[in-house]
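Per full-length UniProt numbering, the very first residue in the sequence shown carries number 1; after that it's consecutive.
Wrong hints could be hidden among the right ones.
As the list claims (entries may be wrong) - Under the rule of at most 25 Å between Cα atoms (straight-line distance), these lysine-lysine pairs were calculated in the DSS-like manner:
id: 1; residue 1: Lys-36; residue 2: Lys-14
id: 2; residue 1: Lys-31; residue 2: Lys-3
id: 3; residue 1: Lys-3; residue 2: Lys-14
id: 4; residue 1: Lys-3; residue 2: Lys-36
id: 5; residue 1: Lys-31; residue 2: Lys-14
Rather than coming from a laboratory, the hints here were simulated on the basis of the structure.
All figures in this text were calculated on a predicted structure; none of them were measured in a lab.
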Amino acid sequence: MEKERLLRPREVAKRLGISRSSVYRWFWEGKLRGIKLLGGPVRILESSVNLQLSEADFGLE
1 MEKERLLRPR
11 EVAKRLGISR
21 SSVYRWFWEG
31 KLRGIKLLGG
41 PVRILESSVN
51 LQLSEADFGL
61 E
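Working from the sequences, and respecting the hints, build out all of it.
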């Protein structure tokens, strides 16, 4: 089983073209899937980011 890549909020913001605060808000709202690590850092699943990108592309057509 392959491990899923976890991304930092800064990288997610860059990929999605949104602010880091929006990344955190989307995470807490459940729009982005990820985990909160011990000590506080948040990491977002790359598949969740890719899903947002594909939904955005679909919406543009």
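Okay, the hints, checked on the actual structure:
no. : hint               : in the structure
1   : Lys-36 with Lys-14 : holds (20 Å)
2   : Lys-31 with Lys-3  : holds (21 Å)
3   : Lys-3 with Lys-14  : holds (23 Å)
4   : Lys-3 with Lys-36  : holds (17 Å)
5   : Lys-31 with Lys-14 : holds (17 Å)
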